[in-house]
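Visitor: Listed below are the residues making up each chain.
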Amino acid sequence: MQSKTALPKDTRSIRAQAISPRATATQAEAIRQHSTKRGFRWRGDWTIALVLLFLGFLTFIPLIMLLELSLKSQQQMADAMWLPAWPLYFKNYAKAWIVMQPYMVNSLNFSLGAVAVSILCSTLSAYVLARYDFPGREFFYMAILALLMIPGVLTLITAFVVTVRLNLNNTYWGVWLPLAAGAQAFQIIVLRTFFASLPSELFEAGRLDGAGELTMLLRIALPLAKPILSTLIVLQILNVWNEFIWPIMVLSDPGRYPAILGILRLGQLVTQRDPGAMYAGYVISGLPLLLMFAFTSRSFIRGLTSGAIKM
Amino acid sequence: MSAHSYPIKPPTFAQTMKRVRKYWFCYVMLLGTFSLLLTFSYYPALSAIYHSFTIWDGFRPAQWVGLQNYQEAFASEIIFRKGAVNMMLLTVWQVVRSSTFPLFAAALLYRMRSEKLAYFYRLVFVLPIVVPGVVAILVWRQLYEPNFGLFNEILQFFDLKPSAWLNSPKTAIPSLMFMGFPWVDGVGLLIYLAGLLAIPTEIIEAAKMDGASSLRRFFRIELPLIIPQVRLIVILGVIGALQNFGWQLLVTNGGPNNSTTVPAWEMYQAAMGEGRFGIASAVGVVLFLIILVLTLINQSYIRSNVEYQAD
Amino acid sequence: MPLANMSRRDLLRSMGAAASLSLLAACAPASTPSGAEGGAAPSTAKTTILHWAQNAEPSDPNQELAEGAKPRAAYQAIADQYMEEHPDIAIEWYRFPTGGNLDEWLLARMTAQDAPDIYWANTENLWPHINKNWAMVFDDYMDLPNPYVSGNDAWKNQFEEVAIISQTGPDGKLYGVNMDGAGVLTVYNKDAFAQAGITEEPKTWTEFTGALQKLLDAGFIPFGADFSPDTCCFPHWFEAHIYNQLLWDDIYKYDDDGNKVITARELATHSQLGDFPEWESYLQMAHMLKELVPYFPIGYEGTVDYRQLFRQGKVAMYMEGNWAISDYTSSPPPFEIGWLAFPVITPDIWPKAQSKVVRIQGAWGSMQYHVPGYLPQTASDKVGQVMDWLMFSSKPENVTAICAETSMVPLTKGATARPELAPFSQPYDRAVPYQSWATLSSSAMNAEYTNWQAYLPSEMSDSEFLGMTQKAWDAEVEKILESNPDWKI
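Residue numbers (my numbering), protein chains in the order written: chain A, 1 to 311; chain B, 1 to 311; chain C, 1 to 489.
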């Protein structure tokens, strides 16, 4: 029976349209396309707004609790753990900051280094895997996909032994390189899809102008890839920030530990008398990420909503 | 389909070498990635596979024992029985929640007519991304604390019996599954939203004019057209959930009484806690095979099922 | 030269240059394994000794968290004094953020051979690894006289017997030095006891359970305990006290070499012979533990922060070590605290028990120091210097000063404990023979925790419980024999 909503038969062409760069509109344009021409209308949006508000509130409850606990002294916690209490006990932050401060720089260092190495390698690889039909291409791609399925712990000790043999223990490279290696698979998959979606006309035009392969990558493909790259960068920074198993193995000097291990040290120094300081430490460990996000959110979101992330 | 009735000859060696020479730079650009991967991923993985047939404490020379580790792993009541049940439960749950709740929120956002509200809500759901995963888990752990956590305080307020949540074998897994409520993950939300926004407006308008309800439009148009996004998130989710042991590491230690253990956690324990890398590698290899098989099934299932529908 | 005009040759050349540069950078180690931080090499080459002092570590400017805590300075003063006398040595503190994960750290450090020159480890966690040469043998130095203590003819004579025994490995050699120790008592809230109508400190098991019931009726959580491997340390402290009382003199049948201490190896031997654990007594212990379950906090099968609950006045008592005295002195809770000895089991409950007071008192202090086993090979000159520093640290007045801050019980003869440790000097009949609470390995302990998590909340029958426990125990023995094949009989 023919349904009332007759779908066009050839959805493939629609999908092709959908992923072409012309349709890779920025978030703003896309939303504008879908909102009515008369500006915003409240009616009909009411229910949606309420439901989303409820969901958003639920999502934020743990964060609000975290903030609340971080501003309480031991006595305030004993009286009523979860209700807000006055006066706000900012001393927790002072205490936590003193402990966390040296570790924060390390986290930053590890994140930036790992990201730099990783993005460099994955961009180059994804580009050639997407655009050129060279012998062994499928093989290389499958090999990379297979990596995703190897459980991390399986290679932990053996990778550590390799790191020691290369004399990379307790060095920055010993942290950057393995973390970069771990991020390759996901980044290459996403970037390859993206580069493959770029229309070949762009590159043909460049070739006519006499550009070499590298130039085409740098001058044509990369600028278009900025949003997706910033998304991948942000995601990887988040991952590296959370990583604590590898640093504790590779780094013998505790002064080089990242912030996440600083939290552990907070737990050690703080006895049960200062649980608030521990929560303050959690908040502090997340602040650089918040800052980074504030600056990159537009690109980050644009990258995610460019429609390039799919399989 | 073109009328090819005679077989296509495979390329000769000379032809292949010609193409290799033509695309020489591809191999150079792949060099970065593959030197990283060979050193820190492939070699360690192969070494670990080798060690799965040995008894090895990570330090002294390994001792070949053939299939003994695999026998022990499968004979154990915990690793691949209790642990596998938990792993499947958590994985299925991961798939369900990563493909429904963010999708639901994305669909709602998509329907919102007011541009400003849509921006605001998008920000609301995206902001929690910056909280490091570790911190979020630790905060939830505090919420669940049986003696002074928020949930039990609420129960006691209503004169209900407090629960042990994560601390009792019966309630541990459900409590774990509930963590992260309402499960609207910012990254997933944006990816789905991108897919939805990429649908050309003409189709939606046509459906609206035909009188299709909101729900109908969702299931018959929007959902089929964002299958690529769903597929990526489901596949990555499955791969991640099968190897994940972060909850066990940070919260439950696999307990109480092995009620929350998964093979990946048993692998980590065997390696780090007991220093038995042989059996840890064996468990890891089996886990890898499970992930491989499930991913292949996943890929073909989603593709065949949905493409049929879309046509 | 703009990229577009670069010839293929130039491109290759530049990429090759970049690649080799990064390879060079990658191969350069960032610092020497002994962690000599601090820039330019001075003209008089200083040897740095990196010392992980654990709890004895002096405060660095980044410390000073807890309310009312005073900065720790004792060990720094000692180090300064030593450095004055030995200008060619620099003592640096290895500030390790402990918290679980010690096993993988230890493995990583020994593999990479970049551990601190002196590291801390609870000896019962070290025995399974002694055969991997992770700890250096101390015997040669222990037989030398300590030049810093007048009248001393051999370093080892400076320490209490318990300290020497704790460092004795399965092969009879000494693997570290142990300068202070710990005791365990039950700390209790005196106000809560008064409120519950408990007038006298409970001494026997019956009095103890009676007191628990009174506390429960008065609305407290009578006893703070949990069965998570993350929390220190109720289950095996409890076991140590009870098991010793239940077996009493029979405990020494496991002591093959007659040194009054039961080592992991002896346990492994007797497990293979089949007479350890003594299952009847083990079952009795399980029953007694189950008696206490109604008095535990909710969720005791997992992790419960009962120390915080105690400070909040909700939990009335819990088992604690003497190191907590530092906290309780500098930041007292809003009620008065007291210390109870572990209840005595009378013969009417268990015939073999003899109403004896058993105490955990021994060598689990902050100053349990070991030296990596590879150090004699990689830096043989340093070994003598490290030992000299340790000898200096072990001067009685130094140990007194450090223990005054850490609230540990000195195990060095001539050193005195701080006055607040008086409850720990109460007389007792026997100190738990070191390692006798069935600690084959930390993995065995974890397996036991899992068994308790299964047994205590359930209605499991005795035979089911024993079956489960015996099976788990056999598996753990298998594992330890895998790691120490020479322990097989």
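Think of the hints as simulated: they come from the structure by calculation, not from any bench. Since we're looking at a predicted model, the values are computed, not measured. Hints may contain errors.
Pairs of lysine to any residue residues, derived as SDA-like cross-links and limited to a Cα-Cα distance of at most 25 Å, are as follows [said to hold, decoys possible]:
#1 C/Lys488 / B/Val131
#2 C/Lys214 / B/Asp159
#3 C/Lys382 / A/Val164
#4 B/Lys18 / A/Tyr141
#5 B/Lys18 / A/Phe139
#6 C/Lys214 / B/Gln156
#7 B/Lys161 / C/Leu292
#8 C/Lys471 / B/Phe80
#9 A/Lys226 / B/Val124
#10 C/Lys132 / B/Ile49
#11 B/Lys161 / A/Ala78
#12 B/Lys161 / C/Tyr428
#13 B/Lys22 / A/Asp253
#14 A/Lys226 / B/Val131
#15 B/Lys9 / A/Leu108
#16 A/Lys91 / C/Tyr428
#17 B/Lys22 / B/Tyr6
#18 B/Lys161 / A/Met65
#19 B/Lys170 / C/Ala121
#20 C/Lys260 / C/Lys382
#21 B/Lys22 / A/Met65
#22 A/Lys226 / B/Ala206
#23 C/Lys214 / B/Pro162
#24 B/Lys9 / A/Met65
#25 A/Lys91 / C/Ala121
#26 C/Lys382 / C/Lys214
#27 C/Lys382 / A/Tyr141
#28 C/Lys156 / C/Glu459
#29 B/Lys116 / A/Ile61
#30 B/Lys9 / A/Gly136
#31 C/Lys413 / C/Tyr428
#32 B/Lys170 / C/Lys290
#33 C/Lys190 / A/Ala78
#34 B/Lys116 / A/Ala294
#35 B/Lys22 / A/Ala78
#36 C/Lys471 / C/Lys214
#37 B/Lys170 / C/Lys488
#38 C/Lys488 / B/Ile55
Visitor: Could you run down the list of hints and mark each one as holding or not?
Guide: Do the hints match the structure? See the list:
1. C/Lys488 / B/Val131: Given pair C/Lys488, B/Val131 is violated - Cα atoms ~51 Å apart, limit 25 Å.
2. C/Lys214 / B/Asp159: holds, 23 Å
3. C/Lys382 / A/Val164: OK: C/Lys382 and A/Val164 at ~23 Å, within 25 Å.
4. B/Lys18 / A/Tyr141: holds, 21 Å
5. B/Lys18 / A/Phe139: holds, 18 Å
6. C/Lys214 / B/Gln156: Distance of about 23 Å is within 25 Å: holds.
7. B/Lys161 / C/Leu292: Within the cut-off at roughly 21 Å; holds.
8. C/Lys471 / B/Phe80: Roughly 18 Å separates the two Cα atoms, so the pair holds.
9. A/Lys226 / B/Val124: Holds. A/Lys226 to B/Val124 sits at ~24 Å (cutoff 25 Å).
10. C/Lys132 / B/Ile49: holds, 23 Å
11. B/Lys161 / A/Ala78: holds, 21 Å
12. B/Lys161 / C/Tyr428: violated, 42 Å
13. B/Lys22 / A/Asp253: Cα-Cα ~48 Å, so violated.
14. A/Lys226 / B/Val131: holds, 24 Å
15. B/Lys9 / A/Leu108: violated, 54 Å
16. A/Lys91 / C/Tyr428: violated, 44 Å
17. B/Lys22 / B/Tyr6: The given pair, whose Cα atoms are some 28 Å apart, is violated under the 25 Å limit.
18. B/Lys161 / A/Met65: Since the Cα atoms of B/Lys161 and A/Met65 sit roughly 23 Å apart, the hinted pair holds (cutoff 25 Å).
19. B/Lys170 / C/Ala121: Distance of about 36 Å is beyond 25 Å: violated.
20. C/Lys260 / C/Lys382: violated, 35 Å
21. B/Lys22 / A/Met65: violated, 60 Å
22. A/Lys226 / B/Ala206: Roughly 34 Å separates the two Cα atoms, so the pair is violated.
23. C/Lys214 / B/Pro162: Given that 25 Å is the threshold and the Cα spacing comes to 22 Å, the pair holds.
24. B/Lys9 / A/Met65: violated, 67 Å
25. A/Lys91 / C/Ala121: violated, 34 Å
26. C/Lys382 / C/Lys214: violated, 60 Å
27. C/Lys382 / A/Tyr141: violated, 52 Å
28. C/Lys156 / C/Glu459: violated, 51 Å
29. B/Lys116 / A/Ile61: holds, 23 Å
30. B/Lys9 / A/Gly136: holds, 17 Å
31. C/Lys413 / C/Tyr428: holds, 20 Å
32. B/Lys170 / C/Lys290: holds, 19 Å
33. C/Lys190 / A/Ala78: Answer holds: C/Lys190 to A/Ala78 is near 18 Å, not above 25 Å.
34. B/Lys116 / A/Ala294: holds, 18 Å
35. B/Lys22 / A/Ala78: violated, 73 Å
36. C/Lys471 / C/Lys214: With a Cα-Cα distance of about 38 Å, the restraint between C/Lys471 and C/Lys214 is violated, given a limit of 25 Å.
37. B/Lys170 / C/Lys488: Given pair B/Lys170, C/Lys488 is violated - Cα atoms ~40 Å apart, limit 25 Å.
38. C/Lys488 / B/Ile55: holds, 16 Å
In terms of the numbered hints stated before, the structure departs from hints 1, 12, 13, 15, 16, 17, 19, 20, 21, 22, 24, 25, 26, 27, 28, 35, 36, 37, listed from lowest to highest.
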